[in-house]
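Following the hints, position chains B and C against chain A.
Protein chains in written order, with the working numbering: chain A, 84 to 260; chain B, 845 to 1198; chain C, 7 to 256.
Heads up, some of the hints might be wrong.
[Claimed, not checked] Negatives, chain B to chain A, calculated, CB over 12 Å:
(1) Phe967
(2) Ala974
(3) Arg1006
(4) Gly1018
(5) Pro1023
(6) Lys1044
(7) Met1045
(8) Phe1067
(9) Thr1075
(10) Phe1083
(11) Val1110
(12) Lys1166
[To be verified] Covered stretches of chain B, as calculated for chain C (at least 3 residues, CB under 8 Å):
(13) 913-919
(14) 1125-1139
[Claimed, not checked] Footprint (simulated), chain B over chain A, 3 or more residues, beta carbon under 8 Å:
(15) 101-111
(16) 114-120
(17) 144-156
Note that these hints are calculated values from the structure, not bench results.
Glycine is no exception: its CB is placed at the ideal position from the N, C-alpha and C atoms.
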Amino acid sequence: MKTTSFLFAGFGGQGILFAGKFLAYKGLLDGKQVSWLPSYGPEMRGGTASCGVIISDTPVGSPIVSNPDVLVAMNLPSLDRYEDAVVPGGIIFVDSTLIERKVKRDDVKVYYIPATKLASDNKTPTLANMIIVGKVLDALNDFQEESVVTALKKVISAKRADMLDVNLNAMKLAIEN
Amino acid sequence: MADKVLMKGNEAIAEAAIIAGCRHYFGYPITPQTEIAAYMAKRMPKIGGCFLQAESEIAAINMVYGVASTGLRVMTSSSSPGISLKGEGLSYLAGADLPSLIINVQRGGPGLGGIQPSQSDYFQATKGAAHGDFHMIVLAPSSVQEMADLTVKGFELADKYRMTSMVLADGTMGQMMEPVSLDYDIKPMPEKPWATTGTKMERFHNITNSLSLVPEELEQLNFARYEKYKTIEEEEAMFEEYMMEDAEICIAAFGIAARVAKNAIVEARKQGIKVGMIRPITLWPFPKKPFEAAAEKCKQFISVELSMGQMIEDVKLATGCKAPVTLCNRAGGMIPSPQQVLESIKEAANGGAK
Amino acid sequence: MVVFDKPHALADVPMHYCPGCTHGIVHRLVAEVIDELGIEGKTIGIAPVGCSVMAYNYFNCDMIEAAHGRAPAVATGVKRANPEGHIVFTYQGDGDLASIGMAETVHSAARNENITVIFINNAIYGMTGGQMAPTSLPGQVTQTSPYGRDVNHCGFPIRVSEMLATLDGPEYIERVAVNNVKNVKNAKKAIKKAFQNQVEGKGFSLVEVISSCPTNWGLTPEKALEWIDEKMIPHYPLGVYKDRSAKEVE
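Bound-form chain A, shown alone (with noise of 0.2 Å):
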């Protein structure tokens, strides 16, 4: 029995509900109970953005997440908005590019990826949402590529089809470095 909360946070633009939306689907094929919840309003244009998603071996309650696992940080005000909020013995993953403080908490594990970087230099500037959760995956030890390929599947629009194997090969970026 485990569930396993996480939080995306982030600029409007970085791919972070996108992102999300991968984790979930991914979820929901491996045959778990999911939610996926964006923040919403005028705060998505061009601020900041943020989603909730919770795997679960069992019915998901509230699909709120205020007090991640896991906590995907892509710019320094959503490290420093929930940084606290991440439970005791958490995650929180840093897109080190962008943010150059460290993590304060010495409560939780923490990963420093240098993910806009690594997708700039990749010619794939828009997906370091990818690479980061790559990288994630790669940590809970749940980087099955055969899911990850159908999950992106579900995410990338046939017509995108060209995307696939760009957004399989930016995962596996910051798995290698």
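Here is chains B and C on its own, set in the frame of chain A:
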């Protein structure tokens, strides 16, 4: 599992409506339900349906009135301030005994309020949508699956009883994504000999009308409508019971509040507190019977709401003051946390309401 | 030889209108047109709130009673429910169409909704007992403008036909009157065209009918008809304000 897809609550409502045979949608943009209109705008032209963005909420509900008069399944959706504007139309729909489906994805109020989730339109939906003696069937989904299921159910009940069904959701339900299966066996619509679709020169003219200037006659119309409501109260109340078998404390909550309450109940049970929940799925008719039964054995009720306390009045009525009913709430777009609900449960366990 | 008969589409029931009221004339014209076009079996009429609120009893086609001002929105729904199979008309007074329902009027015109609107302009709220209407003339004495309509206080009357004709949407807008035989004949022609346009799928057609209200104007029926010539028509000139198809022919 394989047949399930991840959908936003708002989109699930739209697709379920289409599956239920709705081919006419009229609406006006308002957060947090605009995905419904966007979905309809995309889909309707491809399936021979009609999506039309109306000039106002008032126009939209009256377009609904027009299509409903012809006997077709039709819907509109809005959020709290927009529903207030539709009030006039809701009353006319009731007065003319027309079936229709209205979606309210609630946000905080009053006035322009905010755009975050709320349940503060409970009174409006269940008791006072507009002038005159009338009810709507009010359905309160607590998951994306139920957003879809209750949309289909809403159409069926509307046609069965010739009245308006309202799906009373909130911003969370509308915006969240969950796995949903849209596998429905849609029953054929009942015959609608009253529909104004042209006489074809084969019958006397039909009239869709809510005007009745003779008070004796209007009284009879009201009596007849309330007979129908009585049947609905007896036959259509829906609810879910959660861990109620041995419960000493009973939570009453619907929609997102019930989801939050479940977390708290699981935690409280770990601490040895015997707490359960009755989750009304129909808010009108209010499921009185499970509350009457619970009042015989529970020492306290807690109404968990995203409002200043509205459903609590129905809980008090249904439990007949046999046990105290307290309120655990947030308002204005805020959502109670599981911890807050847990505190209320603990307080009840440690001696209950003062 | 039959020299006078009731149109089939007009119900054989007593109407509630006051003596001298011209609603009866316009009802008859609409019914004659429905007969002549052979469309009664597929016509759905929308009655307003106002003096003609009970028009639903006076036509033999299917009828719907709408909320105050909302008839064009209701008509939009009925038409969209079956664009090929339904002929839809609204019958509205000045308070209904040009005051509380102005948004519905303008937007159904802007959408070129394929419906027919019969707009009765008698410059007064009749049903409620003679209050100032959006079309009441400057200086006109009514129950709520007892010293005469003061345009500095409550603004000017609205010329609906002229205003709607500025929109790109509508197909056909004409203003007629029913205060003498010649005008009644013209009114019939306009109403027929407004229905014919819908049959041909051309779009939004509105006929503004300058009408009398002897009761609330405080005039005899005969004087009321004269008042139309003297006061109403100078302010609301008769004529075609928009006819898109005619323009295309030129």
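To see whether the hints hold, each was checked on the structure:
With a least CB separation of 25 Å from chain A, phenylalanine 967 of chain B remains clear of the 12 Å interface cut-off, as annotated. At roughly 28 Å from the closest C-beta of chain A, the C-beta of alanine 974 of chain B stays outside 12 Å, upholding its exclusion from the interface. Under the 12 Å C-beta cut-off, the non-interface status given to arginine 1006 of chain B relative to chain A holds; the minimum distance is some 36 Å. Listed as a non-interface residue, glycine 1018 of chain B fails to keep its Cβ farther than 12 Å from every Cβ of chain A; the least gap is roughly 9 Å.
Some Cβ of chain A comes within 12 Å of the Cβ of proline 1023 of chain B; the nearest lies about 5 Å off, and the non-interface call is violated. For lysine 1044 of chain B, the requirement that its beta carbon stay farther than 12 Å from each beta carbon of chain A is met, with the minimum near 46 Å. Every C-beta of chain A lies more than 12 Å from that of methionine 1045 of chain B, the closest at about 51 Å, which supports listing it as non-interface. Interface exclusion of phenylalanine 1067 of chain B from chain A stands, the closest Cβ pair being 44 Å apart, more than 12 Å.
With a least CB separation of 33 Å from chain A, threonine 1075 of chain B remains clear of the 12 Å interface cut-off, as annotated. With a cut of 12 Å on Cβ distances, phenylalanine 1083 of chain B stays outside the contact zone with chain A, its closest approach being about 17 Å. Non-interface status of valine 1110 of chain B relative to chain A is broken: a Cβ of that chain comes within 12 Å, the nearest being about 7 Å off. No Cβ of chain A comes within 12 Å of the Cβ of lysine 1166 of chain B; the nearest lies about 29 Å off, and the non-interface call holds.
Coverage of the segment 913-919 of chain B by chain C holds [criterion: at least 3 residues with CB-CB distance below 8 Å; count 4]. For the segment 1125-1139 of chain B, the stated coverage by chain C is not satisfied: 0 residues place a CB nearer than 8 Å to a CB of that chain, which falls below the threshold of 3. Counting residues of the segment 101-111 of chain A whose beta-carbon sits less than 8 Å from any beta-carbon of chain B gives 4, enough to reach three: the coverage restraint holds. Given a C-beta distance limit of less than 8 Å, the hint that chain B covers the segment 114-120 of chain A holds, as 6 residues qualify and 3 suffice.
With 5 residues carrying a beta carbon less than 8 Å from a beta carbon of chain B, the segment 144-156 of chain A meets the three-residue requirement, and the given coverage holds.
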